[in-house]
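Enquirer: In case you want the letters, here they are:
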Amino acid sequence: MNLTLYVWRQNGPEDKGKLEQYEAKNVSPDSSFLEMLDEVNQELIEHGVEPIEFDNDCREGICGTCGCVVNGIPHGPQEKTTACQLHMRQFKDGDSLTLEPWRAKAFPVIKDLAVDRTALDKIIQAGGYTSAYTGEVGEANQTLISKPDADYAMDAAECIGCGACVAACPNGSAMLFTSAKVAQLAVLPQGQIEAAERVKNMTEAMLNAGFGNCTNHYECQAACPKGVSVKFIAKLNREYIKALPK
Amino acid sequence: MILDGKCPTGPIEKSWDKHRFEMKLVNPANKRKFKVIIVGTGLAGGAAAATMGELGYNVEAYCYQDSTRRAHSIAAQGGINAAKNYHNDGDSVFRLFYDTIKGGDFRAREADVWRLAQVSNNIIDQCVAQGVPFAREYSGLLANRSFGGAQVSRTFYARGQTGQQLLLGAYQALARQAKAGTVKLRPRTEMLDLVVVDGVAKGITFRNLVTGEIETSWGDAVVLATGGYVNVFYLSTNAMGCSVTAAWKASRKGAFMANPCYTQIHPTCIPQSGDHQSKLTLMSESLRNDGRCWVPKRKEDCEKAPADIADEDRDYYLERKYPSFGNLAPRDIASRAAKEQCDDDRGVGPGKRGVYLDYKSAIDRVGEDTIRERYGNLFDMYEKITDENAYKQPMRIYPAPHYSMGGLWVDYNCMSNIPGLFVLGEANFSVHGANRLGASALMQGLADGYFVIPYTIGNYLATVKPGEVKDDHPEFKKSVEEVQGRIDKLMSINGKRSVSSFHRELGKIMWNNVGMARSEASLKEALKLIPELRAEFWQNLKVTGDKNQRNGQLEDAGRVADFLEFAEVMTTDALHREESCGGHFRVEHQTDDGEAMRDDEKFCYVAAWEYKGEGKAPELHKEPLKFENVKLAVRSYK
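Sequences listed follow chains S and Y, in order. Counting with this note's numbering, you get residues 1 to 246 for the letters of the first sequence. Counting with this note's numbering, you get residues 247 to 884 for the letters of the second sequence.
No wet-lab data here; the hints were simulated from the structure. Incorrect hints may appear among the rest.
Stated by the list, open to error - Now the in silico label distances, taken between C-beta atoms and shown as ranges:
| hint | chain 1 | residue 1 | chain 2 | residue 2 | range |
| --- | --- | --- | --- | --- | --- |
| 1 | Y | Met247 | S | Gly210 | 48 to 58 angstroms |
| 2 | Y | Leu878 | S | Gly227 | 48 to 58 angstroms |
| 3 | Y | Gln397 | S | Glu136 | 25 to 35 angstroms |
| 4 | S | Pro13 | Y | Glu824 | 48 to 58 angstroms |
| 5 | S | Asn26 | Y | Glu549 | 22 to 32 angstroms |
| 6 | Y | Asn635 | S | Gly227 | 53 to 63 angstroms |
Glycine is no exception: its CB is placed at the ideal position from the N, C-alpha and C atoms.
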């Protein structure tokens, strides 16, 4: 199949950036979206043009490194699928695709489709952990956790930290990302001791990093490649209210 | 040179406890004066950085990814082993130790493996305390499953994302230390040289992958936790950025590379679909718990739809060949068996390089919902890649390069032959012998990071004056010049071929000649082809863009240049090891029914290779392996 690409090219954070047109020719429907970009890049290199920079690593949909906005949708049109797991059979011969980086105040563009997501790490550093030192912490089965609670925690922990939720949100909010970690740890006995401090600190870090707030658009859930649910945002709000001074 | 692993003596049950007591300690007030550099933030590096930060050392953690949460440990699906014996099915530290030694085909050090088995239980405790959401029973107790190569249920898991959850546990512990200021994080950096001063590791030179700047950092110790090297095959299950570069740079500075020919080819991967392919995708080995491997008995049936092949016309080859382990036979055995069937022209799918993994009987037995609960995410992933529904038709699988058991040589303290240079996780060679069992990589990464290096590094640092060498030492300047020189050379070749075309060609050479089956002829051919390709690389490479900026082409060029050197050592090792063991299968050395044949008389040793300069043959050093607790035996899974 043959496609026309309009790709955001931006030579560093200070550059203004613009869309450039490229042709992707003889694309195998079995190739992944990133493999299609690899082939376009090969062609660009042969013509002495600098290839399109994009972040990627595991190409198995789990590391959270890859991602760009395809025709206005983070990670492209297939539900619950990262850009690396998106396959070209999802598109038709002759399609035009516009590729842009995640756009959010908190994610400055590094180059082309690659952005700086350090702000997400800052949110975790503010409290997304239990303060367990490495050492003798007690036998694992001494603390029972009901299966529904364990499953709930795992549903939240599915987040791969790719940032698609932020790119999808009209407010550039990282609420889904933040809430997933807050909810995972709030439901487990190991995380409950620090729950109040955690939710306060993480929410504050989110605002300080330049992310917006949540106004219930649910775009984040629709864009999330792991299907993380907005119910965790409700959980975050509940935890936040619980943590307010009485 | 005969190498000494410096293993503790006496009864193995007491060896680690005794050693822990005998090691020197660093006074708590002095710890912050020591600076420790950790390269790589997967399970081993992330756990080590977090734990050493907690202990009060002044830690710097480097990774090439944009965040310390993304290293390829994250992709491990199936689980992590521990000898908890929760199921009362006969497990124990000794059994985990025994299984690992036997699984490794008697090519690992006993003392290291014992320690691994011993601390496996602490790892589970630690991860639970961190809030890792392991699978649970309705009772609230932790759930377990059995896993390739084991007859007990000792594998802990978090859906099909165990590696991710364990890594996030370590990442969060590391984030806590980053906030506390004990650890400084340096994502988007790549180590390009080890700085050695008077024979002692004292720092690193690295490239800032955003600005292109070449920087240095001094450390009282350098810890490499930089993963494995199977991207030397180009197509593998590793992440795109995984490379041998950090380990190879250390090797060029004198660290010995041990058993590089031991590579693991994983049996359950999605077969290659075309030339566009950039990587192969692994599907958890846990799939073999319920799936049955088969190929048609007759060649002429291979083109038929699997449903049209009657049960009696199917060859369930693993069950036939290995009745007691069946579909759970260890990885090396299962991979070779799949290759045998395809070599016999009974493979299925494109190019007939594939075998079926069939769920029909499991679905009939326990229902589709139960299978979905166990493997749903893997079935979804399979469908995304192949457009086939594995609930309705069998999966197609084929072996792919997955893990490297070989790596930098280390002693019992995880220290290489260069004092001050420590190596953890997949990057070292220590515990998996010639073949790694399922769910053992996560165990080793976290064991090394949480429970080994925090002790053993103290034993070393207690003998060092903190900050004795800093980066104003002339060796640092020299190192920067070397690194800069190599980058300038890569940028200035201005030839015609792209980096990835060289990488693909190298991969083909390695897969065809140094892959699942190796012969003297194939290895000798590789030793002729690799230097030829390397010579062309340095004359005909084309790297676009600017070195003073983010430049993916330049990053890849450096990594492929290192693979082109490393591949030769790997092949040399495979040629010298005139026996078959674990993942290393020499066609000249097999039993009448095609099983690996070890030669314990001649090869019961670790082969550690010393780099002697470009174009020169590496020098072999040996560490003899002694087995005092496990009897050397023919490894049989029949």
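Enquirer: With reference to the structure, classify each hint as holding or not holding.
Expert: Here is what the structure says about each hint:
1. Y/Met247 x S/Gly210: 48 to 58 angstroms: Check passed, 57 angstroms falls within 48 to 58 angstroms.
2. Y/Leu878 x S/Gly227: 48 to 58 angstroms: Given a distance of about 50 angstroms, which is inside 48 to 58 angstroms, the answer is holds.
3. Y/Gln397 x S/Glu136: 25 to 35 angstroms: At 30 angstroms between Cβs, range holds.
4. S/Pro13 x Y/Glu824: 48 to 58 angstroms: The hint (48 to 58 angstroms, Cβ to Cβ) holds, given that proline 13 of chain S and glutamate 824 of chain Y are roughly 56 angstroms apart.
5. S/Asn26 x Y/Glu549: 22 to 32 angstroms: holds, 26 angstroms
6. Y/Asn635 x S/Gly227: 53 to 63 angstroms: Cβ of asparagine 635 of chain Y to Cβ of glycine 227 of chain S: about 19 angstroms, so the range 53 to 63 angstroms is violated.
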